[in-house]
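Enquirer: In order, the protein sequence lines correspond to chains A and B.
Mapping of the first sequence onto the working numbering: residues 1 to 214, in sequence order.
Mapping of the second sequence onto the working numbering: residues 215 to 704, in sequence order.
It is worth saying that the hints were derived from the structure and are not from the lab.
Think of the CB as a built atom: it goes at the ideal place given N, C-alpha and C, for glycine as much as any other residue.
Keep in mind that the hints are not guaranteed to be accurate.
Derived CB-CB ranges, DEER-like [unchecked claim]: (1) A:107 x B:253: 48 to 54 Å; (2) B:261 x A:77: 50 to 56 Å; (3) A:57 x B:683: 58 to 64 Å; (4) B:655 x A:83: 45 to 51 Å; (5) A:110 x B:301: 57 to 63 Å; (6) B:651 x A:76: 54 to 60 Å; (7) A:110 x B:647: 52 to 58 Å; (8) A:89 x B:654: 43 to 49 Å; (9) B:220 x A:76: 36 to 42 Å.
Listed below, chain by chain, are the residues.
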Amino acid sequence: MTLQALQMLEALLLLATLRTVGAHRLADYIGGFILQSVVLAALAVLLAASSGAADLVVVAAMTLGAKVYLVPRILRRVAAELPVERGVRSMLGLPASILAAIGLSVLAFLGTSTLAESVGAQAGSFGVSLSMVLIGLFLITVRRHVVAQLVGLLTMENGTFAGTLALAPRMPWVIEFAILLDILVAVVVMGLLITLIHREVATADTAALRQLRG
Amino acid sequence: MILLLAIASIAAVASFVVPRRVAEVGTVVATLAELACALQLSAQVLASGRIVELDDWLAADGLSAVVTLITAFVGAAAAIYSVGYLREDMRERDLDTGSALADQRRYYGLFHLFLLAMFVVSLTDNLGLMWVAIEAATLASLFLVSFYGTREALEAAWKYVLVGSVGIALALTGTALVYTAGIRALGSSYDMVWTRMEAVAPRLDGSIMLLAFVFLLIGYGTKAALAPMHTWLPDAHSEAPSPISALLSGVLVTVAMYAILRFYAIAVPSAGRTGIDVLLLGFGLLSLLVGTGFVLRQSDYKRLLAYSSVEQMGLVSIAIAFGGPLGLYAAILQMIGHALAKSLAFFASGHVLLRYETREVDKVSGALRALPYSGAALLLGALALSGAPPFGLFPSEVAIVTAGIRVGLWPAVLVVAACLAIVFVAIVGTLARMLFGRPPSDVRRGEGPLLGLVSLAGVGSMLLVLGVWIPGPLDQLVRAAVAAIGGGQA
Chain A
1 MTLQALQMLE ALLLLATLRT VGAHRLADYI GGFILQSVVL AALAVLLAAS SGAADLVVVA
61 AMTLGAKVYL VPRILRRVAA ELPVERGVRS MLGLPASILA AIGLSVLAFL GTSTLAESVG
121 AQAGSFGVSL SMVLIGLFLI TVRRHVVAQL VGLLTMENGT FAGTLALAPR MPWVIEFAIL
181 LDILVAVVVM GLLITLIHRE VATADTAALR QLRG
Chain B
215 MILLLAIASI AAVASFVVPR RVAEVGTVVA TLAELACALQ LSAQVLASGR IVELDDWLAA
275 DGLSAVVTLI TAFVGAAAAI YSVGYLREDM RERDLDTGSA LADQRRYYGL FHLFLLAMFV
335 VSLTDNLGLM WVAIEAATLA SLFLVSFYGT REALEAAWKY VLVGSVGIAL ALTGTALVYT
395 AGIRALGSSY DMVWTRMEAV APRLDGSIML LAFVFLLIGY GTKAALAPMH TWLPDAHSEA
455 PSPISALLSG VLVTVAMYAI LRFYAIAVPS AGRTGIDVLL LGFGLLSLLV GTGFVLRQSD
515 YKRLLAYSSV EQMGLVSIAI AFGGPLGLYA AILQMIGHAL AKSLAFFASG HVLLRYETRE
575 VDKVSGALRA LPYSGAALLL GALALSGAPP FGLFPSEVAI VTAGIRVGLW PAVLVVAACL
635 AIVFVAIVGT LARMLFGRPP SDVRRGEGPL LGLVSLAGVG SMLLVLGVWI PGPLDQLVRA
695 AVAAIGGGQA
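The shape of chain A in the complex, shown without the other chains (with noise of 0.2 Å):
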């Protein structure tokens, strides 16, 4: 029962990383993240129910805190500041960025199941996070939105999040909580010097910082 609970939120995971590469406007790119984020969250207190672990309660208590609220409140606002552009552009379309998300999901599963067995983790688990940190880097390198691409950083460290709630629930929170703080940190930083390069450049797109070469 519960196992089937779990590969459920976990595949709802993927989906909502699948939603982040198939946005085209900037609200879903955080949509999508928030959506993430949430089914973390229930993952940990799922986690919780099922082995008894008080410590992922307050993990999943911070994760909500964070990820749902500050950091897509941060991101709205420098959204906001940004200049109003036609969606985000890309040097992929989007159908076929799809298709590559799923090809690296593939890729992960297959490279993740012989290593999944040998700590007796389920499978998928293992697939879903590493999934989730390539297609993080996927959305960083053909995106040329910057708010986008933070998306995609953040994509990668949830799917991180969510290899350690599988492979390592009881890792001590003080951890989780450090990390949590860091990327906040990190959040506030990238937004104000996303401000900042917007005076100096007018504009938000990638293509336009490229100066500094050779």
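Based on the hints, put chain B in the right spot on chain A.
Expert: Below, chain B alone, put in the same frame as chain A:
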């Protein structure tokens, strides 16, 4: 250790609020005090082996001591240099009033935060906290890179933080995998204390450790200037103010390499050396080749120095792959020598930049006549970086080649030797064009700021001394560091 970190934290907070002059004096005093703490720490490590403080959160062995010393020494030199450099730089840009003064206070505050984060990396025993500190170092240095606020500086800062964060995200995945690999030996809930993991290292899950090491090497390798993840580095190093370039290039890459060495030590016993050495050798050779290639065709002298970091860190990585006590000893010696030579070169080139107001090699000539001391320091730094005897990097590079010959990796040894020869010609050739000849008539002659010269003298004399003679305590410390990471025995 606690004292060292406390000084750095207080200095960081204080610098944001006190007037600029106080911040300047405070910065110099604080970094010198940190250096004293680092020296005292090293003596303690030599006397008693390992020191643990604060319940496993802090610990120091030979390797920590070496890296802390590097950070403190270059940090103090950069602090002294900064005061003179920033004052003159701001005066020339007509930015010595109002908000610009606040900017300078912020500079010193971030400077201390940056140093603090790097001290935490080398002094913590907790691998999770180590990750947090490396990320914090990136964030603290971000606005130091973009300090000038120009379009290029902002572009460099964006690349720096984006590429760096991707690296750091991969390193986080790697760290989580290391935790997973330890569950079998340490139970499902444990603190990721390096010492404890090292004790059970042979019982970690080998296949997971190998995968983790791939993530960690790519992740921390991004910070440690390994190709092909080095793309942010030449931009950030060349756009940042010169003292920051010295810290980024001399210390941050060293600290990142330190993190890799820590994981190397706990990964080798379970994952075996073969796979790990192939990875280190591959990234090392690629960095060496890329670094050499770009050094060869560089027309901007700060970028030239930045690419030389890629090449140098490639060498360090290769030295670790060659392994054995000799290879590891050479790797650590190379890190020390590189930190000194690179910061010297960046300090000296900063003075050149102040006078000539250009970073183009072709527009600078006769620097030895225009600024005799800084010019001489630049020459010294260039010779040292290119591995010429009798300077700091010569003995370590000989040791690297010897270690390679000992394990019989001839093709790698040949590539190393060829690259070293090319780099020698490229660096010395390029910088000689800047140093000799007659300075253009419109360039104001005269030395750089006096405080900057003090830094140059300090770093330069240290570099000269290490070239001909490695003091006994330092030698013991490096040996202790080699022993701490397993001495290369699998």
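Enquirer: For which of the previously enumerated hints does the structure constitute a violation, in increasing order of number?
Expert: none
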